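Going line by line, the protein sequences match chains A and B.
Using the working numbering, you'd call the opening residue of the first sequence number 1003 and step up by one each time.
Using the working numbering, you'd call the opening residue of the second sequence number 1003 and step up by one each time.
A portion of the hints provided could be inaccurate.
Since the list gives no way to pick one copy over another, a pair counts as held whenever it fits inside one copy or between any two copies.
In silico EDC-like links for lysine to aspartate or glutamate, alpha-carbon gap of 16 Å or less [said to hold, decoys possible]:
1) K1219 - E1242
2) K1238 - D1182
3) K1174 - D1045
4) K1238 - D1206
5) K1028 - E1223
6) K1218 - D1182
7) K1178 - D1138
8) K1178 - D1240
9) K1238 - E1223
10) K1202 - E1037
11) K1219 - E1115
12) K1251 - E1119
13) K1174 - D1071
14) K1238 - E1119
15) K1104 - E1037
16) K1104 - D1232
17) K1219 - D1206
Keep in mind that the hints were calculated from the coordinates and are not lab data.
In this text the structure is predicted, and so the values were computed from the model without any measurement.
Protein chains: 2
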Amino acid sequence: MSQAPAPTVTAAALAIGDELLSGRTKDKNIGHLAELLTAAGIDLEEVRIVPDEQPRIVEALNALRSRYDYVFTSGGIGPTHDDITADAVASAFGVACTHDSKALELLGAHYAERGMEFTEARRRMARMPVGATHIDNPVSRAPGFIIGNVHVMAGVPSVFQAMLDNVLPTLKSGAKVYSDNVDCPYGEGDIGGPLTAVAKAHPDVNIGSYPRFSGKKFSTEIVIRSRNQDAIAAAKRDVEAMLTSVGSKMGAAAV
Amino acid sequence: MSQAPAPTVTAAALAIGDELLSGRTKDKNIGHLAELLTAAGIDLEEVRIVPDEQPRIVEALNALRSRYDYVFTSGGIGPTHDDITADAVASAFGVACTHDSKALELLGAHYAERGMEFTEARRRMARMPVGATHIDNPVSRAPGFIIGNVHVMAGVPSVFQAMLDNVLPTLKSGAKVYSDNVDCPYGEGDIGGPLTAVAKAHPDVNIGSYPRFSGKKFSTEIVIRSRNQDAIAAAKRDVEAMLTSVGSKMGAAAV
Chain A
1003 MSQAPAPTVT
1013 AAALAIGDEL
1023 LSGRTKDKNI
1033 GHLAELLTAA
1043 GIDLEEVRIV
1053 PDEQPRIVEA
1063 LNALRSRYDY
1073 VFTSGGIGPT
1083 HDDITADAVA
1093 SAFGVACTHD
1103 SKALELLGAH
1113 YAERGMEFTE
1123 ARRRMARMPV
1133 GATHIDNPVS
1143 RAPGFIIGNV
1153 HVMAGVPSVF
1163 QAMLDNVLPT
1173 LKSGAKVYSD
1183 NVDCPYGEGD
1193 IGGPLTAVAK
1203 AHPDVNIGSY
1213 PRFSGKKFST
1223 EIVIRSRNQD
1233 AIAAAKRDVE
1243 AMLTSVGSKM
1253 GAAAV
Chain B
1003 MSQAPAPTVT
1013 AAALAIGDEL
1023 LSGRTKDKNI
1033 GHLAELLTAA
1043 GIDLEEVRIV
1053 PDEQPRIVEA
1063 LNALRSRYDY
1073 VFTSGGIGPT
1083 HDDITADAVA
1093 SAFGVACTHD
1103 SKALELLGAH
1113 YAERGMEFTE
1123 ARRRMARMPV
1133 GATHIDNPVS
1143 RAPGFIIGNV
1153 HVMAGVPSVF
1163 QAMLDNVLPT
1173 LKSGAKVYSD
1183 NVDCPYGEGD
1193 IGGPLTAVAK
1203 AHPDVNIGSY
1213 PRFSGKKFST
1223 EIVIRSRNQD
1233 AIAAAKRDVE
1243 AMLTSVGSKM
1253 GAAAV
């Protein structure tokens, strides 16, 4: 840790909702979060999906928030009885969950402007753990919130994305991870051995190998990742040389 | 547990792969698994995504396999150096990971038929924990495997789906969970209070409320789930009556 040349910043995602586990809703937030964190140099290291049950949310949240620099949650902050994320987060932090006065004011004005009743259900969306700060919601106003290293955001993708856009500039970001791809026309079975050798020769990069299946034939996308761009370039040269050698051995046109 | 009228069967999913956490690949297996398990009456209760790192896979797998009836993994069983799932699963079970003779035979014949070299990398795909049984792979032949309550499947969605089709008929299934939907033209803020009352009056069903945002206006899908169809019908009548009442209170046409 103390000798690492570039700071690494780690994160976990916790998606909350029965609908994700029943298959009714296909999650769209995890992949989006993963992409944006990677671009910001933050390493997403774990994801969990749990149901709308307070003990399960509390357990997962406490496991993740103690382990990673940041935790991002999605889901369960709406106005209905199955929206229990604010209570669960408060419980995980051992603080009360109350109606936040600033959020009540914000939401009261929002609904008044629209001539809509500020119902008890809508007032629920102003509840958050004591000490939390707001994440602005430009889409539908009801704020997300931050407590400790936990960022609590909505499950509706358009709202999640807008909240994340507001959160990202506030995060400490790690050294950016760069990546480069090599498109390989051969299956992993043809390149696995020599690719292992290249990976071993370049311990300062991470080489991922991703099979694609056209329905008839496998090909491979090789992704080289590192915080050091020179190291990526060196590894890429060796990957390309390896593919040329595999290609001529297979009697195919060299890549 | 002993008094439950209907058996519940629980499951967890463990998706393995750096590419899911970097955002490079958007997972397609979790939602598919969730849908098919729900249809089979099996409750998916937790999902985790972890990187291609053995200690992380072992830790997650041991946490999940002790807690749920079944665990389904995806990813990391291909032929390259970053495919370490078989080793990690063997380590979690405290058994050796070796070349399975039946798998070697199967794969040897498969590549011989196609005039393809049975490389060391391809031989890697015959490795599995000692004592594991095969999950047939009709797409690309290299089998998944079952050890204890853990089903280890491929990450490529077409292969994952084919393996799951082979696994599902072998699982004990729980009593089927039925569901019915009510399309609600009002936002959750308008119905949250009265819906809570309906949910409290029907403790034998699970009522989920899912906001939809058109870009201008929220509406809500209300999903009622239970293993008891009569209970769903009764709750649905009360939800519909509640919506009529909310609608007339709002001065809108009754639903």
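Up to 16 Å CA-CA - E1242 versus K1219, copy category: neither (21 Å within a copy, 52 Å between copies)
Intra- versus inter-copy proximity for E1119 and K1238 (alpha-carbon distance at most 16 Å): neither (61 Å within a copy, 25 Å between copies)
Within, between, both or neither, where K1178 and D1138 count as close if Cα-Cα is 16 Å or less: neither (26 Å within a copy, 41 Å between copies)
Up to 16 Å CA-CA - E1037 versus K1104, copy category: Answer is neither; intra-copy 32 Å and inter-copy 40 Å both fail.
Up to 16 Å CA-CA - D1182 versus K1218, copy category: Neither, since 27 Å and 40 Å both go past 16 Å.
Homomeric proximity label, K1219 with E1115: Cα distance no greater than 16 Å: Intra 59 Å, inter 15 Å, cutoff 16 Å: inter-copy only.
Status of E1223 relative to K1238 across identical chains (alpha carbons, at most 16 Å): within (12 Å within a copy, 49 Å between copies)
Alpha-carbon proximity between K1104 and D1232, which holds within one copy, between copies, both or neither at 16 Å: neither (50 Å within a copy, 44 Å between copies)
Homo-oligomer pair classification [D1206, K1238; C-alpha up to 16 Å]: Within one copy, since 12 Å is at most 16 Å while 59 Å is not.
Same-copy or cross-copy closeness of K1178 to D1240 [CA-CA at most 16 Å]: neither (23 Å within a copy, 54 Å between copies)
Intra/inter-copy verdict for K1174 and D1071 if alpha-carbon distance must be at most 16 Å: within (9 Å within a copy, 40 Å between copies)
Alpha-carbon proximity context of K1028 and E1223, limit 16 Å: Only across copies: K1028 and E1223 sit 15 Å apart there, 25 Å inside one copy, limit 16 Å.
In this structure, the earlier hints numbered 1, 6, 7, 8, 10, 14, 15, 16 and 17 are contradicted, and the remaining ones agree with it.
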